[in-house]
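**Student:** Spelled out, the chains give:
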Amino acid sequence: MNPDAPAQAPIPEAAQSAAAEENLVQLVAPDGRRADGPLAAAYRDRVAHLGTDELRAMYRDMVLTRRFDDEATALQRQGELGLYPQGRGQEAAQVGSARALRRQDFVFPSYREHGVMQVRGVDPVDRLRIYRGTEHGGWDPAEHNVHLNTLVLGSQTLHATGYALGVQRDGLVGTGDPERDTAVVTYFGDGASSQGDVNEALVFAAVNNAPVVFFCQNNQWAISEPTSRQTRVPLYQRGQGFGIPGVRVDGNDVLASYAVMTEALERACAGGGPTFVEAYTYRMGAHTTSDDPTRYRERAEEEEWALRDPIDRLAALLRAEDRWDDAWAAEVEAQAEALAERLRADVRAIEDPPPASMFDHVYATPQAQVTAERAWFEAYEHDTAQDEVLDSTVEVAR
Amino acid sequence: MTAQTMPLAKALTAGLRASLEADEKVLIMGEDVGRLGGVFRITDGLQKDFGEHRVVDTPLAESGIIGTAIGLAMRGYRPICEIQFDGFVFPAYDQITTQLAKLHYRSRGLIQVPLVIRIPYGGGIGAVEHHSESPEALFAHTPGLRVVSPATPQDAYDMIRAAVVSPDPVLFFEPKGRYWSKGEVDLSSPVPSLDGGGPDPLGAARIARAGTDVTLVAYGPTVATALSAADALAAEGTSAEVVDLRSISPLDVPTVVGSVRRTGRCVVVHEAPTFFGAGAELAARVTEECFYSLEAPVLRVGGYHTPYPVAKIEHDYLPSVDRVCDAVDRALSH
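Line order of the protein sequences matches chains S and G. Residues in the first sequence are numbered from 1 upward in steps of one, following the working numbering. Residues in the second sequence are numbered from 1 upward in steps of one, following the working numbering.
The set of hints was computed from the structure by calculation and includes no laboratory data. Ideal placement from N, C-alpha and C gives every residue a C-beta, glycine not left out. Please note that a few of the clues may not be correct.
[As the list claims (entries may be wrong)] No farther apart than 16 Å at their CA atoms in a straight line, the calculated lysine to aspartate or glutamate pairs in the EDC-like style are these:
(1) G/Lys102 - S/Glu301
(2) G/Lys48 - G/Glu21
(3) G/Lys102 - S/Glu135
(4) G/Lys312 - G/Glu21
(5) G/Lys25 - G/Glu52
(6) G/Lys48 - G/Asp32
(7) G/Lys25 - S/Glu135
[What the hints assert, rightly or not] Quick list of the computed label-pair ranges, beta carbon to beta carbon:
(8) G/Val128 - S/His136: 55 to 63 Å
(9) S/Asp346 - G/Gly45: 38 to 46 Å
(10) S/Ala142 - G/Ser228: 27 to 35 Å
(11) G/Ile125 - S/Pro353: 42 to 50 Å
(12) S/Arg232 - G/Phe276: 38 to 46 Å
(13) G/Leu332 - S/Asp387: 57 to 65 Å
(14) G/Glu236 - S/His136: 48 to 56 Å
(15) S/Trp376 - G/His141: 17 to 25 Å
(16) S/Gly272 - G/Arg206: 48 to 56 Å
(17) S/Trp376 - G/Ser239: 33 to 41 Å
(18) G/Thr98 - S/Asp352: 19 to 27 Å
(19) G/Trp180 - S/Asp387: 55 to 63 Å
Construct the entire structure; sequences and hints are all you get.
**Tutor:** See below:
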């Protein structure tokens, strides 16, 4: 495919962003004031019950997520992690949406969902084992109802849909009991939206009316490719052809992200089927610590989005509504510092797994090939160790 | 013992029926598996008896079938997925190899994904492109999967039930060219146990015919070919032993090695291309473990390194009795 081919008239970027502004659910403007307009009016009741404590809890989650991000990046730079995918800028989309979930709901993440992990209580050290190179997973999915990261783009959207079909079979949709009704949410990005699996997941979810929310974080960049390389229509319209309602939310607005998620979850739990949410946000960092965004995007764009920083926006709201308190803010900073200190100490303390553990859990039942290769490997390790002992003995004897 | 004579296809249907009856978490899902009963009628009558809820017609999307089945399995269900034809498994290849095969490993044993993926495979039925392939080696090359293929109606009945209770994912390759071959089936045979105590019902090979001069190793559709070759060879005074592998992953190496140590010669027969196929692995293993017993190099009879050819010449591609006998003659000439 030649990107220069004049096959179709391009959609001007300006038109796309204008459409984004027009159809964007926003409850808090970048200056911290509550937003107006018909869309805000349609959603603001969903956050009316959130008082100072709840808003501060969201702020705390976002600050801790940012600090986790910064510290993990530093640990990678120091050689303690092999890689780290940065989530800076997406804290509101993740924390707001995850805060709308109930305990029984199940999350299928991609790999940049650090804010979701923070809200669900997945241990921060466990989250970094995969990047330390000591685990392919790192936590027990059943403990927090959060599946392991999926690195192949979009694959998890099918798992989420299948899991939701299981929830539906278990009779946990439309019971009317908020403690029992269960929904599933899958997180993915603008790049993954092009994957066949995501589109198949939309088909399976739609025809089965599955209780699943497709939460697409459009962070504008799939490594070096802008969203215009993935789609000609705004992503929130993707669901329409499948019969799935879509909504575009300001992903840098934690309250709006929370509000649209409550709507999607209510629909799923009531038997209304799936929802496609496009959280319009920005990847302020690199794709991963191995990436160099200066090769493909302009500093001006980064600076423009920095003005919409999601944490600054919530802080502005708290200040504007007299919910800010310096002593409390200092306590949050202290918690962030404690988190960073813990990461610095505990990530370094993660021990390498024993080499023979590579043979663990390939199968759930004994498998002749793995058994034979493990036996060979252990004998080889043993003999090599014996040889080393022998060599050092010879050395001493000399 | 209540043995009945039935074709392999009906033995599979009976095994699926028994599995649906035994565990309400068992589901069948695939394209056209419901009212139609599948294009080969393997699920014939099951939706009528167990309902649309248990025997599910899915959208026509193989990755979607396997991907959603993985999610269902994570929620405690035991999906049996039908891939309509061998050549249609490739849209699901990503989900099978990057997700299904690795979730137990990735989660350090916390997640089991007990899926069965049934795939009618192999040629000889005069079909169009993508309907006659033998892709089993691609899956055997993927750690985390079991890859099996029954050759007889009784094994079809026993192995499909064992596959359904297996906590590990199973690629269940059905020799579609042998669907209508008949044999005795004891429908009262117990569900094989997978607790690791006895012989592995999904991994243990069987000696299909005893012999002394050469070992023919086959599985699925070529077991019958090897047995016919053994008949022809017997008429010429050569005694061929036939090993039916049943499983390609794991491989029952001890049974093959035990046979070849007795006969001194080994010919592997499969429909898949020999290049990097199951026979290549077997030849390596037999050479390693039977080096001083071998009277001749291990030979392979199988498909060529071409795409599956057009129907009118497919019988020149498939391993035939003549080609097996020719390979045995070459082995005996050493």
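**Student:** Can you list which hints this structure breaks, lowest number first?
**Tutor:** Numbers 1, 4, 7, 8, 9, 10, 13 - these are the hints that the structure violates, sorted from lowest upward.
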